[in-house]
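A.B. asks: Protein chains in written order, with numbering that gives the first Met the number 0: chain A, 0 to 229; chain B, 0 to 230.
For the record, the hints were derived by calculation from the structure and aren't laboratory data.
A hint or two may mislead.
[Claimed, not checked] Incomplete in silico selection of chain B near chain A, CB under 7 Å: (1) Ile63; (2) Tyr72; (3) Lys144.
Backbone N, C-alpha and C fix where the C-beta goes; we use that ideal spot for every residue, glycine too.
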Amino acid sequence: MAKAVKLIGAFGSPFVHRAEVALHLKGVPYELIREDLTNKSELLLRHNPIHKTVPVLLHGDRPAICESLLIVEYVDEAFDGPPLLPVDPYDRAMARFWAQFIEQKCSMPFWMAVWLDDGEAREGFVRETRANLALLEARLQGNRFFAGDAVGYLDFAACGLAHLLGPIEEVAGASLVGAAEFPALRRWVEAYTSDEAVSACLPPREQLVANFAGKKDKIKMAVNAMVQRS
Amino acid sequence: MAEPVKLIGAVGSPFTHRAEAALRLKGVPYELIHEDLDNKSELLLRLNPLNKTVPVLLHGDRAICESLVIVQYIDEAFDGPPLLPEEPYDRATTARFWAHFMEHKFSMPFWMALWLDGEPQKGFVREARENLALLEEHLQAQGKKFLAGDSVGYPDLAGSYIPLMLDMFKELSGTSLMGDDEYPAVRQWVKEYNSDEAVKSCLTNKEQLAAYFRVKKDKYKMMVKAMLKQQ
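From just these sequences and the hints, can you work out the full model?
C.D. replies: As structure tokens, this is what we get:
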């Protein structure tokens, strides 16, 4: 009998989403354990003592697998089903390179551009974010998804831009992207969020909006403080 | 016929070292193209326009950037001893987890502790030592020569900046990261790494490396002060 799979996650987290989509695409049944990140459980702290973050994948009774993109690679390798990463080593390298770019260069400027108060600092982050979006637009190369016709690793890595962009912009009252801009990315967002496996683990938009609305003041305070310290 | 392999790298760069050591461990012949990072070549800027850094691996006409992406590519594209374990679980929990730890959790405080002074330095030394304790615990629990087994692999390459730079830490930073009798498993791992045949064959001469960092010291000190202000 297959070993039980459990995923410790938190609402609205794009990192948890990556792990969930990977499991759905592979057809792996799992139990989702909801974590309250403001009051971390003993279970989470025991299984991820070093980073103390979600997602955490538990497969059978072996120690946990942590870090969302590592979980995606594990799910790809440990279970049968359609490949989540490309098969060719060079294509795999490109997927990993761009995922790293998104993680390290895109996420922070995007977050700052959305939540900061107006001013010079925000303008800088908006410029940077738009430059990054242009690179991702070019990367799509007219494909439906980053690696072609099927959802894969790089789409998950970029998922924060997909289902979270709209709700975040709405709650923050910010608009980074004009209605006619980045058409390939817009099509990608549509394709990604309507994919069957993806939409099975996307919370309804209204819930995401409500969730961010609840955290808005806290987030704005934190990002504005970060900028003032420099 | 096999496609030619070239590595664009810089002397003293721990990132270049990761890629070079991976090629040596796999037994892949390659040509090393030396890059002067103060005067970047048109070749580098064309092949790595996004980050403009070394290393860049050229395999035939394919260019791969980012040292850890390169290491994984080398493992997957060429035959030779595997740099990651076979079993998916071990790949995820041991090899990739500890590579991620070395790259994302340890490197920042290590680098900041190296180049900062005074109170800020003390804070990062403390953080680096906490990470050393975690590393020590893992090495002791696992009981193998290297981070994911008995041969040099992906997480060791990710953390190779430690074996490369530990000796000169005190001289460069003015402070000590660990006492002589502290973290014995980490010390042993450093020793094993530096004695590995494939690694040794591409290790920059220690005096050259130390001289390189002495020259760069003021520049790096200025850079980290600016980074700290931005946080």
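A.B. asks: Could you tell me which of the numbered hints above are not met by this structure, giving the numbers in increasing order?
C.D. replies: Of the numbered hints, just 3 does not hold.
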